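Number of protein chains: 2
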Amino acid sequence: MKVTLAQLDFVVGDIEGNKEKIIAAAQQSAGSSLVVFAEMALCGCPPYGLLQYDWFIDKCEKALDEIASRCDNIPILVGAPIRNNSGKGKPLFNAAVYMFQGQRKVFKKKQLGISDRYEAEYFEPSDDDNILQVGCHKFAITIGDDMCNNSGDDILISNRVDELMPQQPDLIVNIAADRFICQHAEHRRNVLRQTVLKYERPLIYVNQVGASMDCIYDGGSMVFGYNAYVVDSLPFFETVVKNIPMELLISMKRCDNQEIPSKYESLYNALILGIRDFFQKQGFSKAVLGLSGGIDSALVMTLAAAALGNENVTAILLPSEYSTGHSVSDAEALAKNLGSPYYIIPIKDSFHTLQDTLSPVFKGLPFDVTEENLQARIRAVILMAYSNKFGNILLNTSNKSEAAVGYGTLYGDMCGSLSVIGDVYKTDVFELSRWINRESEIIPWHTIEKVPSAELRPDQKDTDSLPDYPVLDAILYQYVECSQSPDAIVAQGFDSALVNKVIRLVNANEFKRKQVAPILSVSYKPFSRRLMPIGRFVV
Amino acid sequence: MKVTLAQLDFVVGDIEGNKEKIIAAAQQSAGSSLVVFAEMALCGCPPYGLLQYDWFIDKCEKALDEIASRCDNIPILVGAPIRNNSGKGKPLFNAAVYMFQGQRKVFKKKQLGISDRYEAEYFEPSDDDNILQVGCHKFAITIGDDMCNNSGDDILISNRVDELMPQQPDLIVNIAADRFICQHAEHRRNVLRQTVLKYERPLIYVNQVGASMDCIYDGGSMVFGYNAYVVDSLPFFETVVKNIPMELLISMKRCDNQEIPSKYESLYNALILGIRDFFQKQGFSKAVLGLSGGIDSALVMTLAAAALGNENVTAILLPSEYSTGHSVSDAEALAKNLGSPYYIIPIKDSFHTLQDTLSPVFKGLPFDVTEENLQARIRAVILMAYSNKFGNILLNTSNKSEAAVGYGTLYGDMCGSLSVIGDVYKTDVFELSRWINRESEIIPWHTIEKVPSAELRPDQKDTDSLPDYPVLDAILYQYVECSQSPDAIVAQGFDSALVNKVIRLVNANEFKRKQVAPILSVSYKPFSRRLMPIGRFVV
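Protein sequences appear in the order of chains G and H. Just so you know, the first sequence maps onto residues 1 to 539 in the working numbering. Just so you know, the second sequence maps onto residues 1001 to 1539 in the working numbering.
The set of hints was computed from the structure by calculation and includes no laboratory data. Possibly wrong hints are sitting among the right ones.
[Claimed, not checked] Incomplete in silico selection of chain G near chain H, CB under 10 Å: (1) Pro47; (2) Val361; (3) Ile382; (4) Asn507.
[Unchecked claim] BS3-like cross-link-like pairs, simulated, lysine-lysine; straight-line CA separation at most 30 Å: (5) G:Lys62 - H:Lys1501; (6) H:Lys1512 - G:Lys286; (7) H:Lys1363 - H:Lys1348; (8) H:Lys1286 - G:Lys514; (9) G:Lys389 - H:Lys1501; (10) H:Lys1461 - H:Lys1512; (11) G:Lys198 - G:Lys138.
[What the hints assert, rightly or not] Derived list of chain G stretches under chain H, where covered just means 3 residues or more per stretch with a C-beta under 8 Å from a C-beta of chain H: (12) 8-17; (13) 49-57; (14) 274-284.
These numbers were taken from a predicted model, which means no experiment stands behind them. C-beta atoms are modelled at their ideal positions from N, C-alpha and C, and glycine is treated no differently.
With the hints as constraints, model all of the structure from the sequences given.
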């Protein structure tokens, strides 16, 4: 007896394609007692507002019928949205559908919206007895956050499994669509392990892999034995279909063979998967970006080249009269290291023409942030012109630290259809760049080591208006990720005036973040999921 | 005996200011048996992610204490977030807090997130017996969506009140933060009336008034007698504190004195309130916008002038070589009608300089959408330069029809910190403009009557690439507002190829809408609340 774990990359909305992937994987696993697919496998994840469309759900139902008929002799458990026909509550269930030899059984999720707010809009929670009989074994079926509990912040050990235990299941199954969160893999494994320890049942966990817009699903499906060790596991960031013999689950063998990659290796793989799927799933292959000679655009270029192929990423160097010589030479060095195409398009003439055009209205007012922004926006105009003319997607190169404090120009360097490192703090931008260079120089070392500057006026440095990044990031981390109060942050030893300045900047710049493209999300609190009001009274 | 309805404009996050407003209103209503404030009055609505901050909730608690001590002899019922100390479930309750002579009683909302998705993230629903004894009367206390039921789409008659009826309340109270939805006021009144009819109890409904970011709360609080007629009501779009004698509730008098303004009068008032509060609550007073001579920017200019004062809205006319003569003359005529400042800044020089700058890369490729977008983006650069230099907020002038099909340039005419008419279809843009001109010409009639054109190439008309707006809007309405399938829309008599083209455009342009500023929301389905995936398989 064996169970098959199908860790696949599904495409949101592509029911036809997903159905074929499911059937192909099922047909590979002849003789399996159960082929397990991830949460929302059939429609892709996250489906968001597609769930409002009746005919989208009709399509899902038809696809389930086809899977059932084409895989009649293969027992399948697959995540899908299912209509709630009770007339009460939200229109759908987030379900795991079991199909085998004409039988169909629907298992429904209970714990909704813990990690994804949109769920509560469409799905009704369910308390049903989710027990599936497979041969002589009883499987307790849980979906995604059913493995968490929603008592406060301390998300450990499911209370959903509590409810299923009176039925005496032999084994627990969890199908999930858990997005990548940096340095979270061990926590996730611990949550599952605690469940195994508490209930003394083996557990099968099947996650999605692949990215959709801002969500990166990292795979890493695994199987726990009775002894609460991981007895087998699937890799992170790869599609795999694997058969697991049931004996393995019952064995007391210690076989903790799931290696969790290091922080920066994981982050690198996650961002590359995020870029690759963003392009592939929209039918694009080529990217363009502005390469300033600074570290943010250098990192984004390197990631994009790894995701799309060096030849598919075009760099545009846009020096102004305030650019230093090394900004061009560092950028050129990177493009050459990667062997990617690049152009140098100076912005001086456009800057002067626009200044002349504005002069009758500005009437000799002094150079200020207006003229700084003007240069950043001319660059965006040129980049978007290139993007339009050649059908490339413009990548945004803002990092999380500058997005937090508004150190960026709206419609200028904040442009782009995908924010690649908008959920990566500047200190991690440095570390990830060093990690990329661990064996040989890809990103020029001078780019990594020089003093950060926007180069929008003479001798400008980031630290003219911001604290050093390690201090800034530490304050931001406490405020944004840990929801700490200004007082609590000061109590940790930070300067009070600085803490208040940083928090004021974060809140005053919410209006800019409202207009940012999807951000590849790699933390608990990406700005793209941080729904905040704007206004001067927001502390 | 009397009850006081306090329909006030609260500021999100300004606990201090809101507290003072609450105290001032309470102190005005000497002798009232109950002073009723709206849902979330204390923290303003919608508070969104502020609710994650512990110290924000601490502030709310302190403010409640101060209200209680300064209004000890005034019985108050006020909406506020309250901590859930049970250790189970979400961290807060959405509550109505009753305070009088040292007593405090907390009534909790049950039906969460029907109209506001964020609620489910922070609030735990509660089944408590929400009965308040006021003198010899029992009041059933409900909050917001407690008056709806969540059985499918047919939102009528609350099932929350069912649960409270065994306690035999004499009267039902509903405190709400219901946002303005165009032509929805009658539906809202009917829902409340059905409740009164079913339970044969008078009902007091107190709504918020005022705007916060994309939400416009329209007031219109009201009191139903036993007979299910509105026996008294408060105006829409205005702050009012009003005492209602209890006898009125018990009387069988028919006094349906709540006049619901016409569609376009309501829409006009809502948008003006939305603009005014967006500026006031951020501490800004001046707006700038690009005035093209077309109807969208003319309408936005007129609304902004009404909201902020004519002298506080600056128009910038940005003719290109493809602009018609009337585009400047129509725009000038509007600025003169309003007496608002305006500048004419031609973009020709900047356009040519940028074309020259790009020519080594574009190598003689023909004029296409790139050059059209280039002009729109140069305009945005100039508008943002003005905004930066003089501290004005740039208003976005896109309408819902063009936002739907992507007929707009990202970082071009899609710029601006507030989208004023982004939830108003083009056909309503015309009708609202005619309504504004009902007594005398404010918006030049030529602007309303000429053929719409983006004027980005010679002799361009919107209908070159789009169907006539009445047809386009009818298809969009079915798809966006009614969630109809392509087949169902075709079955209504629309051309199949056209329907599929429009729907393809809607989905293909989701990436643009992801980068739009907050949109003043006036419909059930504003794009700012329509969370959709992007990708080529989204139908």
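Here's how the hints hold up against the structure:
Taking 10 Å as the C-beta contact cut-off toward chain H, the hint placing Pro47 of chain G at the interface holds, the least distance being around 7 Å. Interface restraint check: Val361 of chain G against chain H, minimum CB-CB distance 5 Å, threshold 10 Å, status holds. A cut of 10 Å between beta carbons decides the hint on Ile382 of chain G: the least distance to chain H is about 7 Å, and the hint holds. At its closest, the beta carbon of Asn507 of chain G sits 9 Å from a beta carbon of chain H; the interface hint therefore holds under the 10 Å criterion.
For a cut-off of 30 Å, the pair hint linking Lys62 of chain G to Lys1501 of chain H stands: about 25 Å separates their Cα positions. Of the pairs offered as hints, the one joining Lys1512 of chain H and Lys286 of chain G holds, with about 18 Å between alpha carbons and a cut-off of 30 Å not exceeded. Taken as a hint, the Lys1363 of chain H and Lys1348 of chain H pair is honoured in the structure, with Cα atoms around 21 Å apart against an allowance of 30 Å. Our distance criterion of 30 Å between C-alpha atoms is met by Lys1286 of chain H and Lys514 of chain G, whose separation comes to about 21 Å.
Restraint check for Lys389 of chain G and Lys1501 of chain H: the C-alpha separation of about 23 Å stays at or below 30 Å, so the hint holds. Among the hinted pairs, Lys1461 of chain H with Lys1512 of chain H is consistent with the structure: their alpha-carbon atoms are about 22 Å apart, no more than 30 Å. Of the pairs offered as hints, the one joining Lys198 of chain G and Lys138 of chain G holds, with about 18 Å between alpha carbons and a cut-off of 30 Å not exceeded. With a threshold of 8 Å between beta carbons, the proposed coverage of the stretch 8-17 of chain G by chain H holds, since 5 of its residues qualify and at least three are required.
Only residues whose beta carbon comes within less than 8 Å of a beta carbon in chain H count, and the stretch 49-57 of chain G has 7; three or more means the coverage holds. Counting residues of the stretch 274-284 of chain G whose beta carbon lies closer than 8 Å to any beta carbon of chain H gives 3, which reaches the threshold of three, so the coverage claim holds.
Consistency with the previously given hints is maintained throughout, with no hint failing.
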